[in-house]
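As you go down the protein sequences, you meet chains V and F in turn.
Using my numbering, the letters of the first sequence correspond one by one to residues 288 to 400.
Using my numbering, the letters of the second sequence correspond one by one to residues 135 to 243.
Please note that the accuracy of each hint is not assured.
Unchecked claim - Capping the alpha-carbon separation at 25 Å, the derived lysine to any residue pairs in SDA-like fashion look like this:
1) F:Lys235 x V:Lys357
2) V:Lys357 x F:Gly163
3) V:Lys344 x F:Ala197
4) F:Lys137 x V:Ser348
5) V:Lys298 x V:Leu365
6) F:Lys235 x V:Tyr351
7) F:Lys203 x F:Gln176
8) F:Lys235 x F:Gly163
9) V:Lys340 x F:Asn228
10) V:Lys340 x F:Ser226
11) F:Lys235 x V:Gly345
12) F:Lys137 x V:Asp325
13) F:Lys235 x V:Ser370
14) V:Lys298 x F:Asp165
15) F:Lys235 x V:Lys340
16) V:Lys340 x F:Gly163
17) V:Lys357 x V:Glu301
18) F:Lys203 x V:Gln324
19) V:Lys344 x V:Thr369
Don't read these hints as lab results, they were simulated from the structure.
Predicted model, so just to flag it, every value in this text is computed and none were measured.
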Amino acid sequence: DAGITQSPRHKVTETGTPVTLRCHQTENHRYMYWYRQDPGHGLRLIHYSYGVKDTDKGEVSDGYSVSRSKTEDFLLTLESATSSQTSVYFCASGDRGFNTEAFFGQGTRLTVV
Amino acid sequence: DAKTTQPNSMESNEEEPVHLPCNHSTISGTDYIHWYRQLPSQGPEYVIHGLTSNVNNRMASLAIAEDRKSSTLILHRATLRDAAVYYCILLSGNTPLVFGKGTRLSVIA
Chain V
288 DAGITQSPRH KVTETGTPVT LRCHQTENHR YMYWYRQDPG HGLRLIHYSY
338 GVKDTDKGEV SDGYSVSRSK TEDFLLTLES ATSSQTSVYF CASGDRGFNT
388 EAFFGQGTRL TVV
Chain F
135 DAKTTQPNSM ESNEEEPVHL PCNHSTISGT DYIHWYRQLP SQGPEYVIHG
185 LTSNVNNRMA SLAIAEDRKS STLILHRATL RDAAVYYCIL LSGNTPLVFG
235 KGTRLSVIA
């Protein structure tokens, strides 16, 4: 299995606090993605990156920012967490966008109270 | 953006073949057809992908229509472990990996 890990795996935080989730991959993949998954909504793309310092918005990017200063790390930040951001967050990495597979982390369950 | 259409749910008996359909009538010549699945409480996992020709791997087979407007993921002998949501996705160029609703497959023992 590709080496992709998310941290933390579980987090409870208070409304209004900043939160950073980390995705780390050891495969030297160019592409990395952040998704959220909520009951009834499936997986929705938040942000993605196609290289160091190259990022773009996905379907549901409002309230989230990302940074990628190294190939192996992709950080997702909630600047001021809200209850609507309670969700399971998945990150993924892959070598190219269309002709190879992407590998997913095990998810981070975030609860905003 | 190219879109796919899948049935919301399907049911299969254990140890029988399963054919999961996907319609993609607006597919472009450079779109690859990818399939992922998500088992309960896990992240998605890659299943298979193809461009024009049928593809086989240890997990499944992918049958692509001659006009490429539809494809079928084939699980040759469904097991209880195959119960998951299956996603059919079109990818080309630098398009990101975006998931639709997928098909929820139930496997009955």
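So, going through the hints one by one against the coordinates:
1. F:Lys235 x V:Lys357: violated (32 Å)
2. V:Lys357 x F:Gly163: Given pair lysine 357 of chain V, glycine 163 of chain F is violated - Cα atoms ~34 Å apart, limit 25 Å.
3. V:Lys344 x F:Ala197: violated (33 Å)
4. F:Lys137 x V:Ser348: Judged against 25 Å, a Cα distance of about 21 Å means the pair holds.
5. V:Lys298 x V:Leu365: Holds. Lysine 298 of chain V to leucine 365 of chain V sits at ~13 Å (cutoff 25 Å).
6. F:Lys235 x V:Tyr351: holds (23 Å)
7. F:Lys203 x F:Gln176: violated (30 Å)
8. F:Lys235 x F:Gly163: holds (24 Å)
9. V:Lys340 x F:Asn228: holds (16 Å)
10. V:Lys340 x F:Ser226: holds (22 Å)
11. F:Lys235 x V:Gly345: holds (16 Å)
12. F:Lys137 x V:Asp325: The hint holds at about 21 Å.
13. F:Lys235 x V:Ser370: This hinted pair holds, its Cα atoms lying about 24 Å apart.
14. V:Lys298 x F:Asp165: The hint is violated at about 38 Å.
15. F:Lys235 x V:Lys340: violated (30 Å)
16. V:Lys340 x F:Gly163: Roughly 30 Å separates the two Cα atoms, so the pair is violated.
17. V:Lys357 x V:Glu301: violated (29 Å)
18. F:Lys203 x V:Gln324: Between lysine 203 of chain F and glutamine 324 of chain V the Cα gap is close to 28 Å, so the pair fails against 25 Å, i.e. violated.
19. V:Lys344 x V:Thr369: holds (19 Å)
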